[in-house]
Amino acid sequence: TQQPRTAEQLANVYRGGYVLKDCAGTPDVILIATGSEVGITVEAADKLSAAGTKVRVVSMPSTDAFDKQDAAYRESVLPAAVTARVAVEAGIADYWYKYVGLN
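Residue numbers (the numbering used here): 513 to 615.
Treat the hints with caution; some may be incorrect.
Stated by the list, open to error - List of simulated lysine-lysine pairs, DSS-like, C-alpha gap at most 30 Å: (1) Lys-559 with Lys-533; (2) Lys-566 with Lys-533; (3) Lys-533 with Lys-580; (4) Lys-580 with Lys-566.
Simulated from the structure, these hints should not be mistaken for laboratory data.
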């Protein structure tokens, strides 16, 4: 299912990764997804949020493009202080190590 996106989110697609769904304040966990997994990740975030967990969902269509962004942008999407992260990927998982398993 196509996820609704704001004009800002659409503009940030070319940056390789962007915040698709956010919470108030600092997230307890960041869920990172790509492609067809984005929809189920948003559903999981909704369930976690309903249970009281602050969740951010990051859509990451291109890790290569995301890694080329400046440090400030990368930090705004994946703050270093939030080490609880889960990557949702149905295919290849080799490159997600850069973003998850920080603690």
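Okay, the hints, checked on the actual structure:
1. Proposed proximity of Lys-559 and Lys-533 is supported: the alpha carbons are some 13 Å apart, at most 30 Å.
2. Proximity of Lys-566 to Lys-533 is assessed by CA-CA distance (about 11 Å); at most 30 Å being required, the pair is judged to hold.
3. Taking the CA atoms of Lys-533 and Lys-580, the gap is near 22 Å; set against the 30 Å cutoff, the hint holds.
4. Of the supplied pair hints, the one linking Lys-580 and Lys-566 holds, its CA atoms being roughly 28 Å apart against a limit of 30 Å.
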